[in-house]
Amino acid sequence: MWKYIANRFLWMIFVLVGTAIVIFTIMFFVPGDITQTLLGFDATEAEREVLRVSLGLDKPYIVQLMRYLYNSFIKLDFGTSYVYNVPVMRELLARIPRTLMLGTACILVNALIGIPLGMVAALNQNKWQDTLCMVLSLLFVSIPQFWLALQLVDIFAIRLNWLPAFGIGGIKYYILPVIAASMAGVASNARQTRSSMLEVVRADFIVTARAKGLKENQVVKKHMLPNALIPVVTGLGVGLGKSIAGSVVVETIFTIPGVGMYLMTGINSKDYPVVQGSVIVLAFFSAIVMLLVDIIYAMIDPRIKAQYAGRTRGMRK
Amino acid sequence: MNPVIEIKDLKKHFNVAAGKNHAVDGVSFKIQKGRTMGVVGESGCGKSTLGRTIIRLLEPTSGQILLGGEDVTFAKGKALIHAREKMQIIFQDPYSSLNPRFTVEDTIAEPLQISKKYGSKKEITDAVMELFHRVGIDDRFRSAYPHEMDGGRRQRVGIARAIALNPEFVMCDEPVSALDVSIQAQVINLLMDLQDEFGLTYMFVTHDLSVVKHISDDISVMYLGQLIETSPANELFRMPLHPYTKALLSAIPSIDIHNGMKQIMLKGELTSAINPHPGCRFAPRCPYAKEECHQPQKLYEAEKDHFVACCRIKEIG
Amino acid sequence: MNEKAFLSINNLTVEYTSNKKVIHAVNGVSLHLNHGETLGLVGETGAGKTTIAKSILRILPNPPARIKGGEIFLGGEDLMKKAEKEMLDIRGNKIAMIFQDPMTALNPLLTVGEQIAEVISIHEKNLTKDQAEKKAMEMLEMVGITAERYIEFPFQFSGGMKQRVVIAMALACNPQILLADEPTTALDVTIQAQVLQMIKKLQEKNGTAMLLITHDLGVVAETCENVAVIYAGEIIESGTREDLFDHPTHPYTCGLFDSLPKLTVETKRLSPISGMTPDPSDLPKGCKFHPRCKYATETCTAGEVPNVEVTPGHFCQCWKCVGYEQEGK
Amino acid sequence: MRKFRKAANNSYMAAMNSGHERSQSLFSQVAGRLKENRGAMAGLIIIILILIASFLGPLFCTYGYNEMNMSQRFMAPCLKHLFGTDGYGRDIFVRILYGGRYSLLLGLSGALVSLLLGIVLGLVDGYIGGAFDTVFMRIMDIWSAIPGTLLSIIISTVLGSGFGNTIIALAIGSVPLTVRLLRGQILSVRKEEYLEAAASINASATRIMFKHILPNVISPVIVSTTMNVGAIITAAAALSYLGLGIQPPNPEWGAMLSAGKTYATIYPWLVLFPGCAIAIIVLCVNLFGDGLRDAIDPKMKN
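Protein chains in written order, with the working numbering: chain A, 1 to 317; chain B, 1 to 317; chain C, 1 to 329; chain D, 1 to 302.
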């Protein structure tokens, strides 16, 4: 088991370095001269050259890349914001908890609402509960997140004045953003749980369980659900990846000073260290989630666990 | 005259996680024109792999395959194309061996189109119709898709495809084991009729001993990648020599309720051919195993035309 | 018909509805199983064998399946009339089932031991968890698997071993009736021999009656005392093993025997039954077998075919036998 | 062997025994089943109507999509302006009609580009296999480690706005999904014996790829591409909303939302109509995709 986790962990680091290379390369080849943005149009060529040298932009691509990787992964230094002149890492550390809070809340809402809804739908296949769940989830999958966010603010914050519209503070500030960010995930989770349940319903071992004289609710709880949840776990992981990306939109709308909003600020002001740093952090989150998904997988599914536990007795090729 | 197929010390090894799988390990035999060699053994004994290696669907590891005296073991390009036109295969699974997106006519016409031996579309259509007739499929199935037909008809389509190019040698990989008894008999009759008509040479791989006895002239018994006994069919059933063959024959449930054979029960199950010991591979399950069985066993002629790879047949009696 | 039979199926009819078509899977089947007896139910793919077994336990998926009519008596009580709650007590306890495909019949996420212990603790509620576990281990040992393998998962077992686990599970509560649905079809001959021998031994030891469903006449010959042949959802011939194997009477039964290559007799050419099994959503009128039957006459194409007792206990559903019966008398 | 005994058991095969005079191709079977699905047909019809309306509609309207009228700013929906007017006095109904082009074209072409890229990459990968497959999948892992929308945002930043650039940005975000799906399908088809059969009759590698593998793996990919259209429409709107992608004054729905959000509380129609438009079109695409999936794989339904 530990071997498995270690294996996945190394893999995660590899993915992160890869991501950093990709992002660095994309930003490197962005057309336009950054010194122009920073110094304005009336700066002389000499002034620009000085800035380039001080930022290390005069070096060839590969040197810059290596230095960037060294700084980011060994020294844990993402550089300094061009615009605000603040170390990106310091700024990120302050912002990470907010994004993390939003993301975790989202995944909890996804799982706690989406999975039961999907189960209810599957167990009442073709009845009104099923139809209702599926119509609602189709609707929520289709509504764009940012629009839902705007409408929520309009109704609950401005018209009814129940909840704050933007900014950060207590739990209250997170309610609307979490709803906006998780509705689509809840819906797609419910759909996935349903179809995965329906697949397991037909499995032979379910017939075996019934033939044993097991009560129907036990059949569902002990035999159907665990098997049906395996693909759903993957779905949750993918969903979280999406909601991390979605955090950019949601944080922008609710002005939550998290990593996503930082990224947008960076993009708008061509502040490359900020963009690169934020993207790596967001990719780090989604890699961590994938790692967790893999570990949960191994915990549920004995076939994966055994692969790494070195137990081969009785196994066939 | 050269035998149609002769293999000498043929080996096919696969690299697997646990080591090297000796799926086919030094098999030699020859089949004369118009005759049928039955190859029997339990699942995992390497009989299908052997067949696929002979007709060059799998790359042999070492050894020799002679097709009408010509070495095709490592034939490439034109030589391989030429060889494959003379060697065809009929598959076990009539559900997976037909492309679900091809109509029956497409499937049977494909080899004809590829061979470029036919000038016009008309000629191909005529040839296909002739094949339809030959294998006993009604014309109205021309444009049917595989999923619209039952197993027996599908298997007939597979047979038509295999004989389309007038091959000399046909490898039949369990062609009737997926069919119901009454349909199975129809297909066996068809195969035997085709053999008489075109002078086909068959290698007939199966686990069903009553079928193999009915259709074969000679029978080879395989155990974990090795040939352990080979002899004319009647001789083998009259007087099996190898302890495994004896157990195998005695295990067939007989429909003769008055003089059934006494069953020899084997202990344990087929192990695997991954990193095998040099000795007799059947020894761990053999009721007669002794010290000397852990030496490598060679196939030798114990009776006229009756070869066996067991050092203790005298004592066993 | 048969008063002392322990399990008695009378006139069972089951239909499936799919894509607006009605599939007549089982059409008025009657079967009788005595204490300790082994009855072989022989038929080809789609003849309705598995449907009968699942009907007995009432575990057919509904929809699409629907039991249209018939009675199933277990020791004098009609299972069809029982409440679902009462059935729970019968499934796995009084009647147990072995399934065809051991590869998919076990839950991949539970250890084999847990799955055996589960059925024990359902039906023997006075046992503690440890006792149930201990009994599950005994069951494993009984089917020839060491008790240490209790904690292993199905994927760590070979097909033959899995089937042993399934059998251990079925026999764990010492059922009075065992429904074995093609228990060895998925296995190699040498393993099949081991498993059949084991089932028979355990059956004899516990006095269990068994309904053995198979398509393999050889397996029937070696295991069963009585045999019923099913074709298109109807029992067309039944009797003792000797009746069927020595004097097959129905043209279909004879056809089956002629289709088989024999090990002992030399035959140059097999004589298969012509044609295909009929479409169960569009069964022929009259005798279901008549389109494939070489003896078919005008009479066979319409009306109900009489079920004739050709010799005591040997029934055959064929017009051909009506004359036979009169000659016999 | 066991599996198809069972497959045959579900009496589906037996029902086919009687033999059909006329055979239906898989395509016409799917089309037939699709026609019976009311939701999917409704979705398809609405999409077609929107498509027609967005291209022909503006021709019949009294206002141009960019026609400003400062005397009629922020007018509430009325008979003259069905959906009201915006801050420049532009008619929102006309703008939404016109904006349908962007959403539909972006969605369709984005999904199509990602499908084509996915097929090329997936087939090349499935074809070469071996070590290449390992390396390739690692690249795909990295590619998909960055969430799709995020990638689109970054690519869009780099490439700048514009229709073509936006399509590329959107497509790149969704390629890994297609590749993975296709690869999984190819792997499962690779075991099928008809591929061996094709090899044994000397079918060339390209023939096997295009005649035997591709037609058998494409259906789930087509279904996922359909669903992708919906996701890409939403993503395109999100990009515009963030000030990337299609930019104002083009009447892209996301851009309209972005422009209207400041006044949303006072003049709710500024965001209500564009938002509903996006939701309706995505809903229709999803309805159609759901129906298509059920039609292609009818087993899933019952």
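Simulated from the structure, these hints should not be mistaken for lab results. Please note that the accuracy of each hint is not assured.
[What the hints assert, rightly or not] Sample of chain D residues lacking proximity to chain A, with all beta carbon distances greater than 12 Å (derived):
(1) Asp141
(2) Ser204
(3) Thr265
[Unchecked claim] Ranges of calculated distance between the beta carbons of each label pair, as one might list FRET restraints:
(4) Met137/D - Met1/A: 43 to 49 Å
(5) Thr267/C - Asn7/A: 33 to 39 Å
(6) Arg90/A - Ile128/D: 44 to 50 Å
(7) Leu112/D - Ile151/C: 39 to 45 Å
A virtual CB, placed ideally from N, CA and C, is assigned to each residue, including glycine.
Checked hints:
1. Distance check on Asp141/D: its Cβ comes as close as 6 Å (rounded) to a Cβ of chain A, failing to clear the 12 Å threshold; non-interface status is violated.
2. Even its closest Cβ contact with chain A, about 32 Å, leaves Ser204/D beyond 12 Å, as expected for a residue assigned away from the interface.
3. In this structure Thr265/D is not separated from chain A by more than 12 Å, as the shortest Cβ-Cβ distance comes to only about 5 Å.
4. Here the CB-CB span from Met137/D to Met1/A is close to 24 Å, at odds with the stated 43 to 49 Å.
5. Against the hinted window of 33 to 39 Å, the Cβ-Cβ separation of Thr267/C and Asn7/A comes to about 60 Å, which falls outside the hint.
6. A beta carbon spacing of about 46 Å between Arg90/A and Ile128/D agrees with the range 44 to 50 Å that was offered as a hint.
7. Between Leu112/D and Ile151/C, the C-beta spacing of about 52 Å breaks the proposed range 39 to 45 Å.
This entry does not satisfy hints 1, 3, 4, 5, 7, going by the numbered hints stated previously.
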